[in-house]
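Trainee: In order, the protein sequence lines correspond to chains A and B.
Going by the working numbering, the residue at position 178 of the first sequence is 178; the numbering climbs one at a time, nothing skipped.
Going by the working numbering, the residue at position 120 of the second sequence is 423; the numbering climbs one at a time, nothing skipped.
In short, the hints are calculated from the structure, not lab data.
Since we're looking at a predicted model, the values are computed, not measured.
Heads up, the beta-carbon is just placed ideally off N, CA and C, and yes, glycines get one too.
Treat the hints with care, since some could be wrong.
Here are the computed lysine to aspartate or glutamate pairs in the DMTMM-like style, where the Cα-Cα straight-line distance is at most 25 Å [unchecked claim]:
1. A:Lys-193 x B:Glu-473
2. B:Lys-395 x A:Glu-180
3. B:Lys-310 x A:Glu-184
4. A:Lys-193 x B:Glu-425
5. B:Lys-395 x A:Glu-184
6. A:Lys-193 x B:Asp-494
7. A:Lys-193 x B:Glu-383
8. A:Lys-193 x B:Glu-471
9. B:Lys-555 x B:Asp-539
10. B:Lys-395 x B:Asp-539
11. A:Lys-193 x B:Glu-487
To give a feel for the contact side, a few chain A residues facing chain B, derived at Cβ under 8 Å [said to hold, decoys possible]:
12. Pro-21
13. Ser-122
14. Ala-185
15. Ala-188
16. Leu-189
17. Gly-190
18. Leu-195
19. Arg-199
20. Pro-203
21. Gln-204
22. His-277
23. Arg-280
24. Ser-282
If you want the building blocks of each chain, they are given just below.
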Amino acid sequence: MSSNSTQGRPEAIRAVPVRHPGRWVAAGVIAILAIMAVHAVITNTRFHWAEQAKYAFDASVIAGVKTTLMLTFFSMLIGVVLGIILAIMRLSSNPLVSGAAWLYIWIFRGTPVLVQLLVWASLGALFPTLGLGIPFGHLFFSARTFDLIPGLAAALLGLGLNEAAYMSEIVRAGILSVDEGQSEAATALGMTKMLTLRRIVLPQAMRVIVPPTGNETISMLKTTSLVAYVPYYELLFKVQNIYTRTYQVMPMLIMASLWYLAMTSILMTGQYYIERHFARGSLRTLPPTPVQRFRTRFLGISG
Amino acid sequence: MTQPMVKAENVYKSFGRLEVLKGINIEVAPRKVFCIIGPSGSGKSTFLRCINHLEKIDAGRLAVNGELVGYHERGGLLHEMRERDVAAQRRKIGMVFQSFNLFPHMTVLGNVMEAPINVRGEAKAIVLERATKLLERVGLEDKMNNYPSQLSGGQQQRVAIARALAMEPELMLFDEPTSALDPELVGEVLDVMRKLAEDGMTMIVVTHEMNFAREVGDALVFMDGGVVVESGNPRDVLSNPQHERTKTFLSKVL
Ligand SMILES: Nc1ncnc2c1ncn2[C@@H]1O[C@H](COP(=O)(O)OP(=O)(O)O)[C@@H](O)[C@H]1O
Ligand SMILES: [Mg+2]
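Here chain B stands alone, though its shape is the one from the complex (with noise of 0.2 Å):
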């Protein structure tokens, strides 16, 4: 068996006295699109964000690609990674948020070439290639001279999906990233996504688009409560839910 991309083995998280996750064990393949669902304020935000180490947890072990997230192991003993170091991991992860949040006061293309340059050091030339390329890979080759502000919101998401994917991700998380759009909307972004699983890349996607999680994903978990209630297959779980958590909400969902 390959070594899963992610594995998170009995992580748990508090702030202050809400405890938000509660012994979530997950493992994601390579190549893998894991699709997580569930109510508002079940902690799947909060479990993304302690992917990349945006939040730290208080317990459990959370690895990426065989390496743990924010530390380092020496002796028995995990020692808190410098700023730097964990910096260094977030760049091998892309994060794709449900507001954008795209730079404001850059153009397209300077979103996207923003972190190549200044975080890896690239040449520009080289890092414009792959900007051009990647924009025109999620439809947006003539708004690369545009601001933000000047786009539809489906547009920004898909340069937020350039943005993180320039820094060259081993794996892709994406909060909601559809929940914010028209729902005409909706379908430029997720085609997008769909064919970055088609080209192989692991992803994350927190969702409430059944569909696109029967469709494309790979496995599931159903999360209410800070825990996973449920997994398995997206089709198995969407159309035949064992638990009766999982039953309730997904007829509200679907």
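One chain only, chain A, in its complex shape (with noise of 0.2 Å):
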């Protein structure tokens, strides 16, 4: 606060920006190839896009478009919840109880999915009955494993307790990531354990876990073209079932493809939302929401 301080305030500075030539060319380039692309792509007969729109829509294949979201939700149910109690038990003082989920870990993360799908599917070759009772004693209940276990528990044990493993390691890292201050101000305050984890650690261990969950979640949404082996009805098996009548393999397997990118965009959307959310508290200012970042650019409002 010099003497000029009585001039009141100066000017706001309105400088020339810096020019970025290189980013024009670059830009110019990656426009030109984009456009080549674009062109061979659309005009390549091969590709038989009237074909792919045929069936993009059939009703067999939103059936599968169906499953498939309704088994990646499922699967990562399964997988966060167990995920989570396998983390507590990792966690604990108990040796024989984080010694079983370090087994469990170590079985589940350590054998290919595919391998474990199959395991499930063809479990009745190896227990042909299923039953609850004594060991060697009285069985108070039995019944067929195929009868017990169809396609669609095959898939989403497969698929889910495959996840919890890896779910577990996860939220463990988020658990260890939480500074050992709030536990001890949780417990202080007389919070239970189970209260601290619910209500003060799990909370901001979620910064740490959201961001790998969603990668698991859309890993997920594509691992379960695996079940078309178990066999399950997904959107990878009803494209197939198309293409083994209509030898359109590409354009069927484009399609799919399409399929897979539009549902893990939405996904990553959505992941988007929820990592904003769980910043809450950790970050001064939450960042813009992608709209709310379209309209400070391009229409100049803030706010």
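From these two lone chains plus the hints, build me the complex, please.
Mentor: This is the structure:
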């Protein structure tokens, strides 16, 4: 605050922005390449765009899309819930409990998910009947394995139990990322371990847990295509059905990929908003939503 | 004589091979401010954490308001308390940490209301009223809806005090509440603590603020190497220390 504070607030700076000629050249090159690629794809008749369009919304394909989404949702649900339980078990001070969780993770993470799917699907070969009873003693209940574990159950068991092993490591990393002072403060307030976990630790761990979980969900959406081998009737299975009839293999596979891309795009958008939600409190100001960003950048409106 | 709020008899505590508390004897009278000073590593925090059973003592006895901390005594035998009972004991003891430890994902109001609602199961409206009053008392009524990251250190520590008070504790533990603060922010926290003392709260304060100890403290102990070296009236101990170790320590901090 020197003598010139008497002159009042100076005029806001209006500087000429730095020019970036390199960026313009790069943008031009990319635009030309993109136009060439689009042109090549559209004009190449072997892509059979008409054929793709014909089947894209075919009832069986739509049913496959729905099944894929349903499998993704429920497998991730199993994975997340069981993953949280396994993560808590691994952090337990009881060696039997943490050891059991470790063993689970070792097995389910160490073997291919396709193998696990096939094992669940053909469990009947190993145990023709499943029952509940006293070992070597009275059997209360028993049923044919195949009736108990139809294709859907095999698919969900295979995908969900495998996912739980990965999710538990993600959740564990999240829990460990929360400062010890947090659970200490909660304990000092008289909160029990479970309440502390639920109200204080997990909500903060979410910041670390959500991004890789989004990754896992997108990965799961594509991994569901493996259940075509169980067999269960998701998107890829339906598409395979079509191209074994029509022999249009490539067009159908591209169409399926476009469906997968559309679904993963929606998931990515959802992930963005979930991450933003859990950033509350740890960032002084939340990053703008894409809509807000669009408004400030192109319409010059802020807030 | 009334029953002491805190009574420690020959309290021992080790971490593995490291013996941190070596026979602590202390009595804290109700409605008094009890200060603990001493060099870093002398076991002040550990002792404070034993009082609300964040740490388990190895030997001796530690009672708050006549109740053993963390144990039931039946037929001359000590039984470890279940988690639920220990938690219930802790509800009556507020603790304020050097590093605030506010819950960053909750607003200021959320921090203060969390435990009364979810631990004591009180009705939201009642808690809201009490929380608002407490935040007014620590001078933060205009920050209720901010997140902790948007507050200064001094403001965060005042929220932490309000959060502890929301559980209506009978005893407050302060572990170097101003040590992490910029010098110009220390006063606002000490003022809140001073008011709390005037209102008759029983307080145990680990601190390096000798002026606070002198002006507000009713009793003071100097700890070093896991033992109480010297104790007495804060004004006497601080101006006329009897032991060589106390003199050396005070000559460094005063
Ligand atoms: N959880 C712990 N595990 C191992 N050592 C510890 C632990 N907590 C404290 N200590 C050790 O106990 C001693 C006393 O620590 P503390 O009570 O924090 O001292 P002060 O608060 O007086 O500085 C220090 O040597 C410290 O390293
Ligand atoms: Mg300390």
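Trainee: Determine for every hint whether it applies to the structure shown.
Mentor: Each hint tested on the structure:
1. Simply put, Lys-193 of chain A and Glu-473 of chain B have alpha-carbon atoms about 23 Å apart, close enough for the 25 Å limit, and the pair holds.
2. Between Lys-395 of chain B and Glu-180 of chain A the CA atoms are separated by roughly 22 Å; this keeps the pair inside 25 Å, and the hint holds.
3. Straight-line distance between C-alpha atoms of Lys-310 of chain B and Glu-184 of chain A comes to about 23 Å, which keeps the hinted pair within the 25 Å bound.
4. Taking the CA atoms of Lys-193 of chain A and Glu-425 of chain B, the gap is near 20 Å; set against the 25 Å cutoff, the hint holds.
5. At most 25 Å may separate the alpha-carbon atoms for a hinted pair to count; Lys-395 of chain B and Glu-184 of chain A meet this at roughly 16 Å.
6. Simply put, Lys-193 of chain A and Asp-494 of chain B have alpha-carbon atoms about 34 Å apart, too far for the 25 Å limit, and the pair is violated.
7. Distance hint between Lys-193 of chain A and Glu-383 of chain B is fulfilled; the C-alpha atoms sit about 17 Å from each other, no more than 25 Å.
8. In summary, the hint linking Lys-193 of chain A to Glu-471 of chain B is supported, as the alpha carbons are separated by about 21 Å, within the 25 Å threshold.
9. Under the criterion of a C-alpha separation no larger than 25 Å, the hint pairing Lys-555 of chain B with Asp-539 of chain B is consistent with the structure, at around 18 Å.
10. A distance of roughly 32 Å separates the Cα atoms of Lys-395 of chain B and Asp-539 of chain B; the hinted pair therefore is violated under the 25 Å criterion.
11. A hinted pair counts as satisfied when its Cα atoms are at most 25 Å apart, and Lys-193 of chain A with Glu-487 of chain B does not qualify at roughly 37 Å.
12. Using the Cβ-Cβ criterion of 8 Å, the hint placing Pro-21 of chain A at the interface with chain B is not satisfied: the shortest such distance is roughly 41 Å.
13. A distance limit of 8 Å between C-beta atoms decides the matter here; for Ser-122 of chain A the minimum to chain B is near 45 Å, and the interface restraint is violated.
14. Because the beta carbon of Ala-185 of chain A sits about 4 Å from the nearest beta carbon in chain B, less than 8 Å, this interface hint is met.
15. Because the smallest distance between the Cβ of Ala-188 of chain A and any Cβ of chain B comes to about 4 Å, under 8 Å, the interface hint for this residue holds.
16. Evaluation of the Leu-189 of chain A hint against chain B yields a held restraint, the C-beta minimum of about 4 Å falling below 8 Å.
17. Among the interface hints, the one on Gly-190 of chain A holds; its C-beta lies about 4 Å from the nearest C-beta in chain B, closer than the 8 Å criterion.
18. The criterion of a C-beta within 8 Å of any C-beta in chain B is met by Leu-195 of chain A, whose closest approach is roughly 6 Å, and the hint holds.
19. With a cut of 8 Å, the hint placing Arg-199 of chain A at the interface with chain B holds, because the nearest CB-to-CB distance is about 6 Å.
20. With its C-beta approaching chain B no nearer than about 5 Å, Pro-203 of chain A sits inside the 8 Å limit, and its interface hint holds.
21. Interface hint status for Gln-204 of chain A: upheld, as the beta-carbon distance to the closest one in chain B is roughly 6 Å, under 8 Å.
22. For His-277 of chain A, the suggested interface contact is broken, since its CB lies about 10 Å from the closest CB of chain B, more than 8 Å.
23. Using the Cβ-Cβ criterion of 8 Å, the hint placing Arg-280 of chain A at the interface with chain B is satisfied: the shortest such distance is roughly 6 Å.
24. Among the interface hints, the one on Ser-282 of chain A holds; its C-beta lies about 6 Å from the nearest C-beta in chain B, closer than the 8 Å criterion.
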